[in-house]
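Whole structure, please, built from the sequences with the hints as guidance.
Those protein sequence lines, which keep their order, are chains A and B.
Residue numbering for the first sequence follows the numbering used here, beginning at 1 and increasing consecutively.
Residue numbering for the second sequence follows the numbering used here, beginning at 1 and increasing consecutively.
Calculated directly from the structure, the hints in this document are not laboratory data.
Heads up, some of the hints might be wrong.
Claimed, not checked - List time: in silico EDC-like cross-link candidates among lysine to aspartate or glutamate, alpha-carbon distance up to 16 Å:
hint, chain 1, residue 1, chain 2, residue 2
1, A, K413, B, E117
2, A, K373, B, E268
3, A, K31, B, E117
4, B, K173, A, E375
5, A, K249, A, E268
6, B, K249, B, E268
7, A, K235, A, E221
8, A, K373, A, E449
9, A, K173, B, E388
10, B, K384, A, D172
11, A, K22, B, E43
12, A, K10, B, D81
13, A, K384, B, E278
14, A, K384, B, D172
15, B, K413, A, E375
16, A, K374, B, E278
17, B, K373, A, E268
18, B, K384, A, E278
19, B, K374, A, E278
20, B, K431, B, D448
21, B, K373, A, E388
22, A, K373, B, E269
23, B, K373, A, E269
24, B, K80, A, E35
25, A, K373, A, D398
26, B, K10, A, E96
27, B, K373, A, E278
28, A, K275, B, E375
29, A, K80, B, D81
30, B, K275, A, E375
31, A, K373, B, E278
32, B, K22, A, D81
33, A, K384, B, D344
34, B, K384, A, E35
35, B, K31, A, E388
36, A, K373, B, E271
The lines below spell out each chain.
There are 2 protein chains.
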Amino acid sequence: MTSQNVSVPKGMRDFSPEEMLKRNYIFNIIKNVFETFGYMQIETPAMENLTTLSGKYGNEGDKLIFKVLNSGNFMNAIDKDIHNYTYQQLSNLIAEKGLKYDLTVPFARYVVQHRNEIVLPFKRYQIQPVWRADKPQKGRYREFFQCDADIIGSNSLINEFELLQMSNEIFDKLGIKIEIRLNNRKILMGMANLIDNPQLLTDITIAIDKVDKIGIDKAMEDLALKGLNEESVLKIQNIIKLKGNNETKIKQLKRIFVNYTEAIQGIEELEMILKYNEYQSLSCPVILDLSLARGLNYYTGTIIEIKATQVNIGSISGGGRYDNLTGIFGLPDISGVGISFGADRIADVMNELSLFPSYTETSTKIMFVNFGKKEELFCIQKLKQLREHGICCELYPDNVKIKKQMSYANARKIPYVVLAGESEINNTNGKLTVKDMSTGTEKLMTTDEIIKMISDNQNKL
Amino acid sequence: MTSQNVSVPKGMRDFSPEEMLKRNYIFNIIKNVFETFGYMQIETPAMENLTTLSGKYGNEGDKLIFKVLNSGNFMNAIDKDIHNYTYQQLSNLIAEKGLKYDLTVPFARYVVQHRNEIVLPFKRYQIQPVWRADKPQKGRYREFFQCDADIIGSNSLINEFELLQMSNEIFDKLGIKIEIRLNNRKILMGMANLIDNPQLLTDITIAIDKVDKIGIDKAMEDLALKGLNEESVLKIQNIIKLKGNNETKIKQLKRIFVNYTEAIQGIEELEMILKYNEYQSLSCPVILDLSLARGLNYYTGTIIEIKATQVNIGSISGGGRYDNLTGIFGLPDISGVGISFGADRIADVMNELSLFPSYTETSTKIMFVNFGKKEELFCIQKLKQLREHGICCELYPDNVKIKKQMSYANARKIPYVVLAGESEINNTNGKLTVKDMSTGTEKLMTTDEIIKMISDNQNKL
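Here it is in structure tokens:
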């Protein structure tokens, strides 16, 4: 085998040290904000039983689930000629498990399985990879991380507002300028009722969902094709196109839906969220967007979408309220609201706008040059002192040419190098030669001075 | 479907919030120490191509690899009647990918695939789950985390010593008392040569490896069964049973192996590691253990094993030096040394000895009782202030009976509860009623005082 043949599977990625520092930078900010709002981390296994996963993502979704072959002689389950089966039927016989496709269904399964241990309301967050056998393309992978926060067992709209607060704070800390868009599924339902076609809710949602991509005219054409007459299409179009600030839009909506109780309830829910925002206003715009649908049929109330305003990349976060998370597993009446952050898209935005701080390039702050066995024994004592102060440092492990050691420090982007040779060891003042790799200047410093310099640099970040 | 049917697959686990806090506590300490020694984190995908995984873990290991069914119509690859295939052959046709079985083989693949980006010496650490279709049993799972640190591209024995330093520091911080045992594969090879049976090295290693479990007499019987004569068995037994401190043992070994260059080299390597330890001595015992083999044929030099001394649980960490990590993928001459920490065993030890600090029981430090809409609006401003100081806090989201809210705080083990009702809102001195949930006492405090109290508590930890 030549070494060229070796690679990760299609659509999957390794994360290099530099990529890990960047990803951890994003995750740490997200985790930290989730936790200050009382959300608690859980993790579920990579694999779930296929009985748990199947039928939850629609036909297209189901096809994208990675299935895991039963261990042992999986063919024992097949008692007829295989030509009597479709490959889907066969896979159900020889594969009982699959890799998780999202974090929502495993969370629903978690809640049902642990219902006797969980105290409601339950605020959980989860940051884990999920797998989809999607066609790999730029920025889209077959293994990717989702970062979800959900609170279940509470109908209060303060939960919605806290999700917005969390998003605002996360993107503030990351340095990404965002706008938050809100809608409510009950208003979408109201539209379907308004045109006397409640059964077309899904089609209307799908059409509205495409407004962003294909424009309002084309989306309305799609609706006409579904059998809506011109008047109905016009009515929907007029709602989506409502002008003005949130207050104005709400006034108009209340007039339009005056006879539609459910829609009025949706409008009032939005109003309440906006009222919280008056008292504790977010630093980002919160916009009522009646064309927001997010194509997800399981949302039953608030719909949330977050966009980065400085790059054209679609939504970087979204969520909403659902009435019946665990009904599919036989546990009814558990409602909740949640939000999901797309780590890859966020990283893309951060890279495009150069928002990662420079310390995400390296962890080691200082390297000791290796001058031989005697010097090594001297250095390991110094290194220990530095590490006790939390400083990431290393000794070049081999006594090779200094040039080679220096080019290693350079390639690793290590900012400082210590040269502790014979003369430094014999130096009674305990000073070491420290080279600043960015300027090339050298300076004699005590260990305490080195510790102070690096700690000060870290505190500045 | 009744909700009872819902569960994780056999041998796999959910991690509850409390379990996550404990696991993160362990991982954070491990990560932090790895990083202060200059080790850099990488991650590899859950899945690898089966060409990468197969044949690397022996026959038994290969059977335990979870295989992932090819997506789409996987049966297209089968052109004959399936009865012409064994199930192993079939699985190779319908599954091209598998879940990673350990972190070493994916790391070797990583090094080969990214050889042009990697600067040697390369210090990497990796903390990720691996999967094995093992028989599930107590303390043994089909999905579990490995924490590996390896340095490749350096033959220096300072690397071995740094791994010992790292282990010492990690277990010190976790509060687990350990002893480190060392051996060297070259001495094991020396034993095989000493009895003129170099081809029996593996059998000798396996027998020696069992000494701990089945006793030295039974292990020596096994060797006799492999065809070793009494004299040979006695020779090996005498070496394994060598008495005295490390210095004494080394002296005796040097005499025994005086004519065996390779063994002498192994002895000198151990001597060098012990010399580093004289200069910068670890707080735990480092013991030369000639019965240590760790059954892994790929070790070529130092062998390391770490045991917790207060519980009888086997090794909680181990590693060693290997000469040829990436040879299997066509890239020769990459040697290295590494160590692996078993997160589950470490957690078991910590639980058994009650070593987890109390703050691993909850993240939220303070909860605000919900008295209704007006109070909510007042509270969200206070919460914001607390969160700006990094304090994890939450508002009970619904205006339900105080008793219910209190029992939630109790169940969540939240240490403080704020009661901010009508009177507190109208209070001109801005003081809130704070209830200490452990003592039941109530106190009027300003937001600043609350922040100070909780920050002080956190700093004490």
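Against the structure, the hints:
1. With a CA separation close to 14 Å, the supplied pair K413 of chain A and E117 of chain B stays within the 16 Å bound.
2. For the hint pairing K373 of chain A with E268 of chain B, the CA-to-CA distance comes to about 14 Å; that is within 16 Å, so the pair holds.
3. In summary, the hint linking K31 of chain A to E117 of chain B is not supported, as the alpha carbons are separated by about 31 Å, beyond the 16 Å threshold.
4. For the proposed pair K173 of chain B and E375 of chain A, the alpha carbon gap of about 28 Å is over 16 Å, so the pair is violated.
5. Using a Cα cut-off of 16 Å, the hinted pair K249 of chain A and E268 of chain A holds, with the two alpha carbons roughly 12 Å apart.
6. For the hint linking K249 of chain B to E268 of chain B, the alpha-carbon distance of about 12 Å falls within 16 Å, and the restraint holds.
7. Between K235 of chain A and E221 of chain A the alpha-carbon distance is near 13 Å, which keeps this suggested pair within the 16 Å criterion.
8. Between the alpha carbons of K373 of chain A and E449 of chain A the distance comes to roughly 25 Å, so the proposed pair goes past 16 Å and is violated.
9. With a CA separation close to 12 Å, the supplied pair K173 of chain A and E388 of chain B stays within the 16 Å bound.
10. With a C-alpha separation of about 14 Å, the suggested pairing of K384 of chain B with D172 of chain A holds against the 16 Å cut-off.
11. Proximity of K22 of chain A to E43 of chain B is assessed by CA-CA distance (about 13 Å); at most 16 Å being required, the pair is judged to hold.
12. Pair hint K10 of chain A plus D81 of chain B does not hold up; C-alpha atoms about 29 Å apart against a cutoff of 16 Å.
13. At most 16 Å may separate the alpha-carbon atoms for a hinted pair to count; K384 of chain A and E278 of chain B meet this at roughly 14 Å.
14. For the given pair, K384 of chain A sits about 14 Å from D172 of chain B by alpha-carbon distance, which is consistent with the 16 Å threshold.
15. In summary, the hint linking K413 of chain B to E375 of chain A is not supported, as the alpha carbons are separated by about 52 Å, beyond the 16 Å threshold.
16. Pair hint K374 of chain A plus E278 of chain B holds up; C-alpha atoms about 13 Å apart against a cutoff of 16 Å.
17. The hinted pair formed by K373 of chain B and E268 of chain A meets the criterion: a straight-line CA distance of about 14 Å does not exceed 16 Å.
18. Distance restraint check for K384 of chain B and E278 of chain A: the Cα-Cα separation of roughly 14 Å lies within the 16 Å cut-off, and the hinted pair is therefore satisfied.
19. Distance hint between K374 of chain B and E278 of chain A is fulfilled; the C-alpha atoms sit about 13 Å from each other, no more than 16 Å.
20. Annotation: proposed proximity of K431 of chain B to D448 of chain B holds, straight-line Cα distance about 10 Å (limit 16 Å).
21. The straight-line distance between the Cα atoms of K373 of chain B and E388 of chain A is roughly 50 Å, outside the 16 Å bound, and the hint therefore fails.
22. Between the alpha carbons of K373 of chain A and E269 of chain B the distance comes to roughly 13 Å, so the proposed pair stays at or under 16 Å and holds.
23. Annotation: proposed proximity of K373 of chain B to E269 of chain A holds, straight-line Cα distance about 13 Å (limit 16 Å).
24. For the hint pairing K80 of chain B with E35 of chain A, the CA-to-CA distance comes to about 56 Å; that exceeds 16 Å, so the pair is violated.
25. Pair hint K373 of chain A plus D398 of chain A holds up; C-alpha atoms about 9 Å apart against a cutoff of 16 Å.
26. A distance of roughly 11 Å separates the Cα atoms of K10 of chain B and E96 of chain A; the hinted pair therefore holds under the 16 Å criterion.
27. Using a Cα cut-off of 16 Å, the hinted pair K373 of chain B and E278 of chain A holds, with the two alpha carbons roughly 14 Å apart.
28. For the given pair, K275 of chain A sits about 14 Å from E375 of chain B by alpha-carbon distance, which is consistent with the 16 Å threshold.
29. With a C-alpha separation of about 12 Å, the suggested pairing of K80 of chain A with D81 of chain B holds against the 16 Å cut-off.
30. Among the hinted pairs, K275 of chain B with E375 of chain A is consistent with the structure: their alpha-carbon atoms are about 14 Å apart, no more than 16 Å.
31. For the given pair, K373 of chain A sits about 14 Å from E278 of chain B by alpha-carbon distance, which is consistent with the 16 Å threshold.
32. Restraint check for K22 of chain B and D81 of chain A: not satisfied, since their Cα atoms lie roughly 51 Å apart, outside the 16 Å limit.
33. Between K384 of chain A and D344 of chain B, the direct Cα distance comes to roughly 29 Å. Violation of the 16 Å bound is thereby established for this hinted pair.
34. Proximity of K384 of chain B to E35 of chain A is assessed by CA-CA distance (about 13 Å); at most 16 Å being required, the pair is judged to hold.
35. Distance hint between K31 of chain B and E388 of chain A is fulfilled; the C-alpha atoms sit about 15 Å from each other, no more than 16 Å.
36. The hinted pair formed by K373 of chain A and E271 of chain B meets the criterion: a straight-line CA distance of about 14 Å does not exceed 16 Å.
The structure fails to meet hints 3, 4, 8, 12, 15, 21, 24, 32 and 33 from the earlier list, while all remaining hints are met.
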